[in-house]
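Asker: Sequence:
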Amino acid sequence: MIKHEEMTLNFRDSSSDTENRDNCLKDMERFYINFWEGAYGDKFKNKPKPQFNKLWRSINRIASDINDMELNAVIVSNSHEATDDGAELLQRKYRNDWQNSDGPEASEIATMEACVGGFGATKWVAKYEDEENPDPDRQYLCAEAINSACTSVFLDAGSNRKDKADSRWGWHIIRTNRKAREEEFGVDIVSFFNANTHHRVINNAVERQTEKDIYLAHYYEVIEKTLTVYDFTMLNGIKITAGDGIKDEAGNSYTREDLKEIREIYAEEIGEEAPTTKRKIKYVEYALADGEKYLTKPQRTPFKRVPIFPRYGYYTTINGQEFYCGEVRKQLDAEMFHNLYASNMMSILNESPVQKPIFAPTQVAKYASSWARANVDDTPYLFADPLKDDNGNIMASGPIAMLQPPQLGTGHAAVGQFLEQNLMQSNSTGQTTTPANTSGQAIQAVNDRADDAYLPLVKNTIFAKRAECEAWIPAAQKLYFTNSMVIRVQEENGDYTNVTTLELDTDADGNYGNYKNNPRGLYTVQVKKGEAYKDTIEAKIQSNLELMSAVGSDTGAGQVIAYENMKLLNKDSNPMIETISRYAPLDIIIQSGFPYEPQNEEEAQYIQMKMMQMQQAAQSQQDPMTIAANAQMMEAQASVMDKQVDMMNAQTKRMDVMIKAEKAGADISIKQFDSRMKAMGMMQNAQSMRM
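Plus 4 on top of the position in the sequence shown (first one is 1) and you've got this note's numbering.
Each hint can be trusted.
With a straight-line Cα cutoff of 27 Å, these simulated DSSO-like cross-link-like pairs (lysine-lysine) come out:
#, residue 1, residue 2
1, K229, K166
2, K520, K482
3, K30, K463
4, K229, K301
5, K286, K131
6, K308, K131
7, K463, K166
8, K168, K308
9, K47, K30
10, K243, K308
11, K334, K463
12, K131, K297
13, K301, K7
14, K166, K308
15, K334, K30
16, K286, K166
17, K264, K282
18, K334, K166
19, K229, K7
20, K251, K520
No lab work stands behind these hints: they were computed from the structure.
The whole structure should be built from the sequences, with the hints applied where relevant.
Answerer: Rendered as structure tokens:
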């Protein structure tokens with residue numbers, strides 16, 4: 005890991021462009037705290053400030069729709085070594101890590117911040133299973149939420165990818181208690197935001213250091229190393245890798261002198277230098293930092309990229325610079341226009357709607373108290389003297405003028421009509437998804453629609469979900485599938501099971517080794533909309549009901565579908581219902597005469613028994629010739645079923661023999677390896693004696 009001084013310089017570069025962050029923060033403050041902040045509020049300082057919160061409801065609906073979609077990351081194999089079984093095991097483990105950490109909450113927070121301000125984020129962390137007794141070989145992955153990502157997440161300024169997978173370093177800034185952290189680390193702590201680390205405060209209203217609270221940084225740095233692999237197969241059957249420690253394929257460690265000596269022996273015995281290949285590896289180191297120093301030693305994590313994943317609202321890159329915003333930025337003018345119109349209307353309503361007469365002082369001088377209490381006493385009439393000139397002539401017998409109440413002008417009426425049309429249009433566009441357990445046709449329609457006003461928000465959420473899962477896969481392969489262990493996984497229906505990793509088995513090429521429950525190779529990720537894992541059963545039931553409506557419930561196919569739904573609805577595992585739902589469809593298939601291949605030995609025996617029962621029933625009703633013919637046919641079918649069962653048993657025995665043979669071969673290879681190592685030791689001893 006680089007020095008703290010260099011790290012702070014990198015942070016200054018990564019945090020120098022703050023225009024996007026400032027705008028994002030302002031939008032979030034306006035949305036959550038005070039919508040009348042800024043120039044709008046200054047102009048209407050002494051006027052009513054109503055808030056109709058139409059934008060609030062609109063954004064809440066958008067974010068809720070996206071969260072209700074429960075976007076599901078699907079892991080698929082992407083190399084020769086990768087298998088579908090490995091992808092399924094990774095899928096089950098990913099589901100467990102995501103659901104049993106802060107994954108759902110972190111995703112909801114990131115989506116909401118992306119919809120409001122344009123930028124949210126989530127992150128993965130590796131934790132010890134036992135924090136009191138940390139063991140690097142016993143860790144697990146969990147997702148964590150990031151609040152106010154626009155002011156707390158900073159990534160490499162030189163990163164060009166949208167998901168920041170190419171970022172060389174990253175920072176997650178947290179606010180914490182000064183006294184508690186100083187007691188924990190036993191040193192004086194300086195806030196990470198200071199003159200050395202941050203030359204421009206993101207927002208002047210944000211207080212970066214107080215006597216009670218300070219800011220620290222979770223710092224992540226990507227380390228790249230070039231490894232050299234020495235192939236000593238022709239000498240002793242091993243390969244040794246140097247560059248990140250010196251180890252062989254079995255994990256045995258060597259010193260530099262050991263490696264040098266083995267290379268010399270290889271050159272002497274084989275007559276040439278050992279062949280070498282070079283490859284690069286990446287891993288991430290983590291440390292907690294304040295403004296002057298690292299508070300923890302650098303720790304190696306299982307990740308290959310910075311485990312912070314930005315989630316954007318609306319995103320684009322113009323002239324090499326990225327810009328992002330949320331719904332507040334796009335709908336602010338319309339919302340404030342509506343609030344300003346309402347403020348003017350409320351100002352008009354504050355004025356008296358009654359006409360007021362205007363008199364000369366001499367007309368009401370004698371009746372001033374009556375006029376003053378007119379509204380209080382609800383006086384039925386009031387007096388006023390006529391207005392006379394100097395000669396006593398009456399100039400006006402009543403008020404000299406009338407004060408009219410404020411009127412709604414034509415401009416206000418036009419604005420009101422415009423706002424009404426605009427709001428109707430805005431509220432009628434945009435539909436992100438349908439409920440997860442809706443029909444298959446509805447889900448397909450949502451997946452295929454192209455006129456969605458909020459589709460960019462959904463797409464950017466999908467990109468972020470894919471990046472999260474892609475970063476999790478290599479970390480999970482390192483933590484869970486390097487050594488044999490028992491891990492907990494979550495099934496598609498939500499149940500939990502335990503799986504032992506790296507069990508002995510044969511691979512697709514017939515090799516014997518730790519291949520069972522070992523997802524080797526490369527995997528990729530697809531994110532799909534529709535039902536999530538917990539709604540899969542409900543979705544299957546709904547799909548079966550649609551099939552039943554198509555074929556009819558009174559048909560054989562409809563009855564088979566009904567029994568399938570019975571099995572899906574049997575959540576309490578009632579043995580009677582389970583038995584009926586398993587064997588009743590077989591009765592329908594046998595009676596219909598459709599060809600059906602038994603899926604297991606139990607089904608084969610049941611079908612054979614039912615056919616014999618049908619044969620006996622037919623014998624009691626048919627003539628002798630027909631009975632004899634049917635008996636021969638049933639016996640032939642039963643014989644075929646017996647042969648199928650025998651073939652299954654024979655195949656099982658052959659597999660046992662093959663596995664035993666492979667194991668014996670592996671044992672022989674191990675003994676040969678031991679013999680070579682002993683020979684190597686004897687050669688070394690002989691060499692030392694000659695010296």
